[in-house]
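I would like the entire structure built from these sequences, with the hints used as guidance.
Under the numbering used here, the first residue of the sequence shown carries the number 4, and numbering increases by one thereafter.
Keep in mind the hints are simulated off the structure, nothing from the lab. Any given hint could turn out to be false.
[Unchecked claim] Below, in silico cross-link-like pairs of lysine-lysine (DSS-like), each with a Cα-Cα straight-line distance of 27 Å or less:
id: 1; residue 1: Lys29; residue 2: Lys154
id: 2; residue 1: Lys79; residue 2: Lys154
id: 3; residue 1: Lys154; residue 2: Lys83
id: 4; residue 1: Lys41; residue 2: Lys29
id: 5; residue 1: Lys154; residue 2: Lys42
id: 6; residue 1: Lys29; residue 2: Lys42
id: 7; residue 1: Lys41; residue 2: Lys154
id: 8; residue 1: Lys42; residue 2: Lys83
[Stated by the list, open to error] So the derived label-pair ranges between C-beta atoms look like this:
id: 9; residue 1: Leu100; residue 2: Glu145; range: 24 to 32 Å
id: 10; residue 1: Pro108; residue 2: Pro130; range: 28 to 36 Å
id: 11; residue 1: Asp95; residue 2: Leu64; range: 21 to 29 Å
id: 12; residue 1: Asp95; residue 2: Cys116; range: 15 to 23 Å
id: 13; residue 1: Pro67; residue 2: Ile127; range: 34 to 42 Å
id: 14; residue 1: Asn30; residue 2: Gln104; range: 13 to 21 Å
id: 15; residue 1: Leu64; residue 2: Glu37; range: 26 to 34 Å
id: 16; residue 1: Gly60; residue 2: Gln33; range: 29 to 37 Å
id: 17; residue 1: Glu61; residue 2: Thr147; range: 18 to 26 Å
id: 18; residue 1: Asn101; residue 2: Pro130; range: 17 to 25 Å
id: 19; residue 1: His90; residue 2: Lys29; range: 24 to 32 Å
All values derive from a computational prediction rather than experimental measurement. Note that CB positions come from ideal geometry on N, CA and C, so glycine has one too.
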Amino acid sequence: MFSRTAVLVSCFFIATSGFSVRSSAKNTVQDAHEQLTKKLRCWVPIEENIAGNHFSGEHRLSEPIYDFCAYVPEPKNWNKGYVSGVHIADDDYTNELNFFQVTHPRLAMLNLCVQEAVQIGRTIQTPLRCLCKRDGCNLPQEFTTFLEFNKLPMPETSF
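Okay, here's the thing in structure tokens:
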């Protein structure tokens with residue numbers, strides 16, 4: 004009798020202790036919705052020699068101060084990309100923000116990539132620039148790795 008009561012009481016405590024059969028891990032849509040309104044940590048380059056042209060090729064994760072993270076693939080070599088953080092006060096990002104403001108609970112914008120025409124003097128350049136709105140989403144790797152990485156929820160631990 005005592006053992007049956009003990010088993011029933013134990014089952015009751017386990018059932019009411021917050022144990023859930025559902026996974027507590029979030030999916031990519033949930034992650035994107037949660038991070039939509041917060042300041043972001045973005046990958047930024049670490050410069051060895053700020054005054055010169057030497058770049059170490061190393062990056063660090065910034066403090067959470069940016070509104071977007073940016074990734075620009077090298078136009079002639081998509082195995083290389085340039086990363087930075089973006090403040091919306093630096094330009095008019097109204098249209099870009101509207102793309103990320105999806106209200107459907109099962110849909111989220113992960114990256115917005117646009118090809119721009121930029122005239123510098125007499126030269127016209129047409130770079131591709133991608134903006135993303137989650138912590139560390141502008142992974143400083145090749146373009147396809149950047150896209151694959153963004154399909155997943157962002158890690159909650161330090162990179």
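Verification of the hints:
{"no.": "1", "hint": "Lys29 / Lys154", "verdict": "13 Å, holds"}
{"no.": "2", "hint": "Lys79 / Lys154", "verdict": "25 Å, holds"}
{"no.": "3", "hint": "Lys154 / Lys83", "verdict": "19 Å, holds"}
{"no.": "4", "hint": "Lys41 / Lys29", "verdict": "17 Å, holds"}
{"no.": "5", "hint": "Lys154 / Lys42", "verdict": "20 Å, holds"}
{"no.": "6", "hint": "Lys29 / Lys42", "verdict": "19 Å, holds"}
{"no.": "7", "hint": "Lys41 / Lys154", "verdict": "19 Å, holds"}
{"no.": "8", "hint": "Lys42 / Lys83", "verdict": "26 Å, holds"}
{"no.": "9", "hint": "Leu100 / Glu145: 24 to 32 Å", "verdict": "28 Å, holds"}
{"no.": "10", "hint": "Pro108 / Pro130: 28 to 36 Å", "verdict": "34 Å, holds"}
{"no.": "11", "hint": "Asp95 / Leu64: 21 to 29 Å", "verdict": "27 Å, holds"}
{"no.": "12", "hint": "Asp95 / Cys116: 15 to 23 Å", "verdict": "18 Å, holds"}
{"no.": "13", "hint": "Pro67 / Ile127: 34 to 42 Å", "verdict": "36 Å, holds"}
{"no.": "14", "hint": "Asn30 / Gln104: 13 to 21 Å", "verdict": "19 Å, holds"}
{"no.": "15", "hint": "Leu64 / Glu37: 26 to 34 Å", "verdict": "18 Å, violated"}
{"no.": "16", "hint": "Gly60 / Gln33: 29 to 37 Å", "verdict": "34 Å, holds"}
{"no.": "17", "hint": "Glu61 / Thr147: 18 to 26 Å", "verdict": "21 Å, holds"}
{"no.": "18", "hint": "Asn101 / Pro130: 17 to 25 Å", "verdict": "22 Å, holds"}
{"no.": "19", "hint": "His90 / Lys29: 24 to 32 Å", "verdict": "27 Å, holds"}
In this structure, the one hint that does not hold is number 15.
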